[in-house]
Amino acid sequence: MAALTRGTVEPGKLFDEPACDHNRTKEPAARKAGCPKPKPGGTAGGCAFDGSMITLVPIADVAHVVHGPIACAGNSWDGRGSLSSGPTLYRRGFATDIGEQEVVFGGEQRLYDTIVEAARRHHPPAVFVYSTCVTAMIGDDIDAVCAAAATVTGIPVVPVHAPGFAGSKNFGNRLAGQALLEHVIGTVEPAFSTPYDVNLVGEYNIAGELWDVAPVLAKLGIRVLASISGDARYADVAAAHRARATMVVCSRALLSLARGLEDRYGIPWFEGSFYGLRAMAATLRGFAGLLGGDELAWRANELIAAEEADVAAALAPYRERLAGARAVLYTGGVKSWSLVSALQDLGVEVVASGATKSTDDDVDKIVSLLGPDGRVIRDGNPAELLRLVRETQADILIAGGRNQYTALKGRLPFLDVNQERQHAFAGYAGMVEFARRLDLALSSPVWEQVRAPAPWERPAAAGTDGAS
Amino acid sequence: MARVVPGATGAAFDPLKHSQPLGGALVFLGLARSIPLLHGAQGCTAFAKALLTRHFREPIPLQTTAVTEVTAVLGASDSVIAALDTITERNNPDVIGVLTTGMTEVNGEDLLGVLRTSRYAPRTSCFPAQGHPLVVPVSTPDFRGGLSDGWAAALEALVGAVPAAGTTRAEQLAVLVGPSLSAVDLDEVAGLVRAFGLAPVLVPDLSGSLDGHLDEAWSPLTTGGTSVADLLGLGASGAVAAIGATAAGAGAVLAARAAAPLTAHDHLSGLAAVDRLVHALMDFGGVPAPEEVRRWRRRLADGLMDSHFVLGGARVALAGEPEQLVAVGSLLYDAGAEIVAAVSPTEAAVLERAPWDEVVVGDFVDLAERAAAAGAELVVASSRGREVANRIGAAHLAVGFPVYDRLGAQLRATAGYRGSLHLLVDAANCLLDYRSGRCAGSGREHSPTRSNKRYEELTC
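One line per chain: the protein sequences are A and B, in this order. Each residue of the first sequence is one higher than the one before, counting from 1 in this note's numbering. Each residue of the second sequence is one higher than the one before, counting from 1 in this note's numbering.
Don't read these hints as lab results, they were simulated from the structure. Certain hints may be false.
[As the list claims (entries may be wrong)] Okay, the calculated bits of chain A under chain B, using three or more residues with CB under 8 Å as the criterion: (1) 42-49; (2) 90-100.
[Unchecked claim] To give an idea of the interface, some chain B residues facing chain A are shown, with a C-beta separation under 10 Å as derived from the structure: (3) P6; (4) G10; (5) A66; (6) G75; (7) E109; (8) W218; (9) D275.
In this text, all values refer to a predicted model and were calculated from it rather than measured experimentally. Glycine residues also receive a C-beta, built at the ideal position from the N, C-alpha and C atoms.
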C-alpha cells in the first residue's frame, strides 16, 4: 500500500480514527483491517479518487489536474452540483490522458507539462494533482513532479494520493483531508481575524446551500473563514488554521480533518447538520458553545426563536398538506436522523430510514426518533427499497440520485437529498424549500396517470360509452 | 477528404474523450436481460454509471469487480469470478459483458484464460440457461482509444461469439449499428428494413433498453434490446448491414461467419447516404421502394431546399465521436453550411472521409479556440459543448454524448430520410432563434467579444 499511495501519510494511521465510532468499537485486530472491502459484483458507490475529488474540487479558483487515463477525468469532470460565487476554474477538466507510451515509459514528463500548461493558461493560485490507479501502479513519482512544477510555476502544486483502488469514496474524502493538512492549511495568513471565525468541513455548497446558511451564522457575528470546500478559495482554505471552531457537516470521513485541526492548531470541533429545525438549533448552539461566552449563547437562543417563528409561518400551509404522508428515507450518516426530525417537524411519518453509512450513535438516534414501528434499513439495494416501500405503504422515497430511477420505475414519488440534488435544503430557508419540494413531489398529477391501467388492461366494457 | 491533425494542448483540457470501457458497456446495455461488468476499481463503474444515468435518465445496470490495491497487485482474476458468481446468483442475466480497464490491463492479467478455465467458459450450445449467462470478455484499456473504439471492440467480441448456423434465413438482415444512433434513429432503421420485406436484427438495440419506457417493475438488468436468441441466430442472416463506421469491423466479421453479403455505411445522415442504404435494401429485398419511403425522401429533398437559405454559409463548429461528427457534419455540409471547426476525441478512419477540409483530434479547448477564431455561429456538440458556445457567443445544438442539460436525448433524430430532415430542421431553427430578436444584432457579422450573458439560454 505504501508503495502505491505514496505521500507523507502513514497508511496504518489512516485507518486509526479514534473519533470514528465504527473504529472505536472494533477489536484491535479488526481495526487494523480498516473499512470493509467492497464485494465484487455487488457494489455501488465511488472509489477513493472520487472521494478525494468530491472533497477538493469545490475549491473554485484551483486548477484540478487528474493524472491518469481518460476514464477518471473524462467521465467525471464538471459532474457535481457544487456552486461558486466567483471563479469557475474548478469546473474545467484537466487530464493528462495518458496513453500506452506513458504506461510503458512513465507519465512524469506529461504530468509536468500538463501542470505547467494549466498554470500558464489560467494563472490559478494553486494546482491540485490527483493520482489514479494506473499512475500509482506504474510508479510515477508525483510528489517530485509537483515539487518541480511548483518551482517553475511559482505556485503551490499539491499532490493528492487517492488512487481509486485504495478504497471507498469515504476513504478518499479522508485522504483529501489529509492532503489539505499536509500541504495547504497553515500556509497562508488571513487578511484579518475575528474571535468568531469558523471552519465548515464537509459542506460542498450543493445547489447553493452554503448561501442559505452563512447569512444565518452572520447574524450571530460568526464568519465562515474556511469552507471545506463549498464555494471555497485556495487562500481561505490555506488560512483555516486561524479559525476558532470547526463544524463537521454530515461527514464521518472528514472527522480526521477536524481532529487534525484540533491536534495541530488547538481548534475545537463538533459534528452537526443544517437540515431541519432541530439540527439547525443544535448547530447554532454548538457554535455558541465552542466559541464561548454567555452572551453568544443567549443571542443564539434569541436567533433560533426568531428564525423558527418566521419559518413556522412559511411552513404552516405545507404542514397541513403533508400531514399523514408516509416516507421512506434512505440516506447516510448524520442526515439519516437529522432529516427524520426535519420530516417529523413537517408532520410526515418516517416509516423507515437507512443506516448503511451511519454510526451506532446515529442508529440509536434513528431508533429513538422512529419509535418501535420504524424500520432501520441496512441493505439499500433497489429491490429491497421497493419491497420496503410496498410493505410500509409509503407515499414517497427520499434518497440519493442513485435511487431516483428506482423510485420512478416503481411509479413512486421521489425527492433527491444527496449530492445530485437540484434544490437547497439547508438552513431555515432550505427547510421551507424542502417542504415545498416534498409537496410538489407528492401532489404531482403524474402519479395517478402513470398508475392507471392502459386501455388493453381495462375490462372490455369500459371505454365503450363514448364519454370518459 | 479531410486532413486529420492533432490538437493544441497535448493533454486533455475539458476532455471530449470518454473511455473505451464506457463504449463497450453501451453495447451490452443494448442487449436484453444483460449487464456489463467493468473489471477495475469500483470508481470505474461508479463514474460511468453516473454519467450514463445523467444522459439516459434511466437506471443503468452496471457492475464492478471492485479491484483493490491488494488484488490489483496479487492478481484480480478471483474478483472476476466472484463478481460473475454474485451477479448470476442475484440477477440471473442472459448476458454479462466483462470489460477490462486501465488498471487491469496494466497488471497484465489474462482475462480470457481465466474465463476459459472457469464455469463461465463460452459454451454457446446451452444458452440461455438458468445460471449460465453468455459471458463475453472484451479488452478495453482506458489508456488506448476511446468510446468508439470500446464500442467497436465489444461489438466485434459479441459477433465473434455467434456460432455459425447450418441454415440461412434469407429475409433476416443483421443490422450492426454504431454509437451515433438514438432510439428513434434505430426505430427508423428497423422500419426502413421492414419496409423492404426484410426482418431486421439490430445489434445492439438501445431503442429497446434505454429509450426511456415504463415497465411493469424495476429490474436490475436491461429491460429490452437484442435478445440472446436473436444474437445467437445471427449466423443465419441472409445479409449483413453495418450502419455507422464504428460497426464496420464487426460487420465484416459477421458477414464472413454467416457467409452473407455485407453493406457498410459510415452513417445515415443526408440524402445520398440514405439513398445508398435504400439501394442495398432494394437489392436484398428484391422489391421496389414502398410509398412510405418515397414520401419521406420527397420531404427530405424539400427540406434541404427550405433549410439551405438558413444553413447556407452558416459557420458551424462540431465536436463528437468520429462517426457522429461525420454524420452531422456531412448533413449540414450538404445543406451548404461551412464546417469551421470539427473536433474528434480520437482518431478513426472515417474522419478522413469527412467532406470538409480538416478534423482535429483534441478536446473542448481545441473546439473553443478554433470556433472562436472562425466566428462560429452554431456549436453542435454534447452538453459539455454548451459552455463553449456560451463562452464564444454561439448557439448550441445538443447532439452526442452526454446530453444531460436537456430532456429527450433518445428522441434526437439524425438518421434516415425522416431523421435527417428532423436534424436539418432542428439545426436551422436553432440558427433562426440565434439570429432573431432573442439575441439582438446576432444576424450580422459575428464578433467573438460580445457579452456571453445574452446567449446563456440559447440551447436547442
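message: I'd like to know which numbered hints this structure contradicts. Please list them from smallest to largest.
response: Hints 3, 6, 7, 9 are the ones this structure does not satisfy, whereas the remaining hints hold.
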